[in-house]
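Start from the sequences, fold in the hints, and give me the full structure.
Chains as they are written, first to last, in our numbering: chain A, 137 to 566; chain B, 137 to 566.
Hint data in this document are derived by calculation from the structure and do not stem from the laboratory.
You can't tell identical chains apart in this list, so a pair holds if it fits in one copy or across any two.
In the BS3-like style, the derived pairs of lysine-lysine whose C-alpha atoms are separated by at most 27 Å in a straight line are: (1) K241 x K470; (2) K280 x K235; (3) K336 x K298; (4) K235 x K222; (5) K280 x K470; (6) K172 x K295; (7) K298 x K222; (8) K470 x K443; (9) K192 x K336; (10) K470 x K411; (11) K298 x K192; (12) K298 x K280; (13) K235 x K470; (14) K192 x K295; (15) K222 x K241; (16) K534 x K231.
Remember, predicted model here, so these are calculated numbers, not experimental data.
Protein chains: 2
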Amino acid sequence: MRIITADSYLEEERNTTTLEQDNQNLDKTVLEIIQKVRQTGDQSLYDYTEAFDGVKLTELLVSEEEFTEAAELVDGNFINSLRQAKQNIEEFHQKQLEKSWFFHKSSGITLGQMITPIGRAGIYIPGGKAAYPSSVLMNVIPAKLAQVEEIAIVTPPQKDGKVNPYVLTAAREVGVDTVYKIGGAQAIAALAYGTETVSKVDKIVGPGNAFVARAKKWVFGDVAIDMIAGPSEICVAADGSAPTAYIAADLLSQAEHDERARTFFITNSTTLAEKVRNEMYIQLEMLERKDIIKASLQDFGRIIITKNEQETFDLINQIAPEHLELMMENASDKLPFVKNAGAIFLGNYSPEPLGDYFAGPNHTLPTSGTAAFSSPLGVYDFMKKSSIIQYSQEALLKASEPIIHLAETEGLTAHANAIYQRRDGKNAQK
Amino acid sequence: MRIITADSYLEEERNTTTLEQDNQNLDKTVLEIIQKVRQTGDQSLYDYTEAFDGVKLTELLVSEEEFTEAAELVDGNFINSLRQAKQNIEEFHQKQLEKSWFFHKSSGITLGQMITPIGRAGIYIPGGKAAYPSSVLMNVIPAKLAQVEEIAIVTPPQKDGKVNPYVLTAAREVGVDTVYKIGGAQAIAALAYGTETVSKVDKIVGPGNAFVARAKKWVFGDVAIDMIAGPSEICVAADGSAPTAYIAADLLSQAEHDERARTFFITNSTTLAEKVRNEMYIQLEMLERKDIIKASLQDFGRIIITKNEQETFDLINQIAPEHLELMMENASDKLPFVKNAGAIFLGNYSPEPLGDYFAGPNHTLPTSGTAAFSSPLGVYDFMKKSSIIQYSQEALLKASEPIIHLAETEGLTAHANAIYQRRDGKNAQK
Numbered sequence: 137m138r139i140i141t142a143d144s145y146l147e148e149e150r151n152t153t154t155l156e157q158d159n160q161n162l163d164k165t166v167l168e169i170i171q172k173v174r175q176t177g178d179q180s181l182y183d184y185t186e187a188f189d190g191v192k193l194t195e196l197l198v199s200e201e202e203f204t205e206a207a208e209l210v211d212g213n214f215i216n217s218l219r220q221a222k223q224n225i226e227e228f229h230q231k232q233l234e235k236s237w238f239f240h241k242s243s244g245i246t247l248g249q250m251i252t253p254i255g256r257a258g259i260y261i262p263g264g265k266a267a268y269p270s271s272v273l274m275n276v277i278p279a280k281l282a283q284v285e286e287i288a289i290v291t292p293p294q295k296d297g298k299v300n301p302y303v304l305t306a307a308r309e310v311g312v313d314t315v316y317k318i319g320g321a322q323a324i325a326a327l328a329y330g331t332e333t334v335s336k337v338d339k340i341v342g343p344g345n346a347f348v349a350r351a352k353k354w355v356f357g358d359v360a361i362d363m364i365a366g367p368s369e370i371c372v373a374a375d376g377s378a379p380t381a382y383i384a385a386d387l388l389s390q391a392e393h394d395e396r397a398r399t400f401f402i403t404n405s406t407t408l409a410e411k412v413r414n415e416m417y418i419q420l421e422m423l424e425r426k427d428i429i430k431a432s433l434q435d436f437g438r439i440i441i442t443k444n445e446q447e448t449f450d451l452i453n454q455i456a457p458e459h460l461e462l463m464m465e466n467a468s469d470k471l472p473f474v475k476n477a478g479a480i481f482l483g484n485y486s487p488e489p490l491g492d493y494f495a496g497p498n499h500t501l502p503t504s505g506t507a508a509f510s511s512p513l514g515v516y517d518f519m520k521k522s523s524i525i526q527y528s529q530e531a532l533l534k535a536s537e538p539i540i541h542l543a544e545t546e547g548l549t550a551h552a553n554a555i556y557q558r559r560d561g562k563n564a565q566k
Numbered sequence: 137m138r139i140i141t142a143d144s145y146l147e148e149e150r151n152t153t154t155l156e157q158d159n160q161n162l163d164k165t166v167l168e169i170i171q172k173v174r175q176t177g178d179q180s181l182y183d184y185t186e187a188f189d190g191v192k193l194t195e196l197l198v199s200e201e202e203f204t205e206a207a208e209l210v211d212g213n214f215i216n217s218l219r220q221a222k223q224n225i226e227e228f229h230q231k232q233l234e235k236s237w238f239f240h241k242s243s244g245i246t247l248g249q250m251i252t253p254i255g256r257a258g259i260y261i262p263g264g265k266a267a268y269p270s271s272v273l274m275n276v277i278p279a280k281l282a283q284v285e286e287i288a289i290v291t292p293p294q295k296d297g298k299v300n301p302y303v304l305t306a307a308r309e310v311g312v313d314t315v316y317k318i319g320g321a322q323a324i325a326a327l328a329y330g331t332e333t334v335s336k337v338d339k340i341v342g343p344g345n346a347f348v349a350r351a352k353k354w355v356f357g358d359v360a361i362d363m364i365a366g367p368s369e370i371c372v373a374a375d376g377s378a379p380t381a382y383i384a385a386d387l388l389s390q391a392e393h394d395e396r397a398r399t400f401f402i403t404n405s406t407t408l409a410e411k412v413r414n415e416m417y418i419q420l421e422m423l424e425r426k427d428i429i430k431a432s433l434q435d436f437g438r439i440i441i442t443k444n445e446q447e448t449f450d451l452i453n454q455i456a457p458e459h460l461e462l463m464m465e466n467a468s469d470k471l472p473f474v475k476n477a478g479a480i481f482l483g484n485y486s487p488e489p490l491g492d493y494f495a496g497p498n499h500t501l502p503t504s505g506t507a508a509f510s511s512p513l514g515v516y517d518f519m520k521k522s523s524i525i526q527y528s529q530e531a532l533l534k535a536s537e538p539i540i541h542l543a544e545t546e547g548l549t550a551h552a553n554a555i556y557q558r559r560d561g562k563n564a565q566k
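Structure below.
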């Protein structure tokens, strides 16, 4: 893991390609898959699952027996932990619920904003060998709270043709019965356009690999998507008050996600920088996924030395990290300096895994600097707004002059006519 | 304008291509433009402006003198109307401002959602011959209320190399000084990636032609966008109580936007359907833009006869119209049946132009059925959320078991290690 200055980090950044460029090379494959799914529906889903996941399925939908079987495979400890997490996630997201509002602007005028849930949501859960029951909770709970009527999960099957039992159990715990054994770009295409078996949805959310991310970009517009997720990232900013072992452990925890995970440690103490690096090498050796961690740290790990706190926060806002840990004295007093971050963890006892699994806020967060303009997944992702306008005859007549002026300035005379008809009533019929 | 049944409308719809498919044929040109702007910056902007807008510019930025000159060209009536509209738009959007919130979940635990503005917004305003000062208001005001620090407008120049004076005056009225004479895909690329003159923004909003819409899709992910706008549309649903002339005028006003604008009239009264069609032919003849209107109605106008009110609302929700006018008795009582619509106009005296220019709610609305999952442009488009998590040592230790369980279930042992380090402290150093 390299130790560099803030300036040299910024210079490095200027020379990297963007997420958009990185992914254009997938387009040929991804577009072909989308096209095929639109043309041949279910058949293409069976074919791609055989080709990519190595499984010949006879059914796409997970059966009731499979749910039952899964429930028998998971242990009680897991269920208890899952339920505690679920409760925390529900409590936090409940607070995101927004209400429709109306107001009477003046006599005869009512304006408002009506909030309604989307009709159908599709949730992508990564699969194969790994199990991500936490992603099931984080993606389904906000949709349920928004009162989305239909929720379907898609997830690639294991080699034995089954879905990971932890994922299935989590799905049942949050009340989702519709789980399809489909992964990759083909799953996104099926959700976006529908097939014989899979209903078209209004919005697709959830993390996935590069093919999934790219397919989401392509179907975006015909359907809503949550975000185009890049590799996961953490930024720990610490002063001398933070325990070295904690900093090291948190950086390592992020690096284990995958070889492209990005890890930043920012401090103005060179001593602390050295100590953290040494501690990372010690802890690393006892970690199962040390090969992934080493690769990730080598390519995408940076310890950045800043001149002062101002530079630290400038850099944080420039990186706009998915996860930001502030391990500083009086960390919560520093919040006003943070402009861009997906989730902010304050103090020495708020490590990222607390947020990944348990605390309540969502773990689906904007990556690759998109926290500069995006938000964590939330209840608001599953709701939409409609404006309401109601004028009385008198109120409209009073407003007629400026409307006609503006319409005529824009050369839209038929717009003006809609007002003239009501004001002058030449052709008004009943 | 054809009169058809709801069933035959739905059958027609199933056989049309999607917005996404329609636009893929622009990709070659659009991607080439984006690439060029990234490579050669300002120079490419001058070149494309010469090629596409027929103007050889010497400056991209509108000068102070040009603002002054514009102010002298516009009339007082326009300014007064603009200011009344501005006040209404500000009053409505003010109510969309959200507050950050925090709560103490239990002893030692603080969770929250912090809301901050995006840093820089770029606003596309269509140009050339037409003037859209109303779009300046509708796009800038929510950004200003969100306290976006830097706002830049891009708009294609007129043949004389100047920007429409109404657009410039509107920009000044809402406090935007940075206006670039750039249009098309090249303007979107400049905003997304920056050039020598144009600063890279965090989000691009505003309406544009097909090239602009497609370029927005391509840069999406590297930068946020509001939506991918398709042709504008209206859906008027009326019962026998609605004046024929008003319905006809409102349908015509939508059709004048462009040849691809979509116009729906839904009613269960065949008599009303016939009367409205006849009235449209009468009013049409006196309208300036009758050629556009005729073309639009012929290709994209539909009068749809439904069997009953239930079918009317099912159809509305299926179309998910950008603008919905309910000209029915007790129109506001019907609101609960509307699931999908960008803006809803209630009663006989709330015609669409009232919303386009004046009432206060935004006129940038989801088109082409995307109201099923998208919202009007609003203050929320210029803000983003960050989650806040702060646990005390005691609170974390109490939560340690379930976090470790869940992390280990997912095979992420370095995540578990971040908790172990804090609980068991084997390597904890200070």
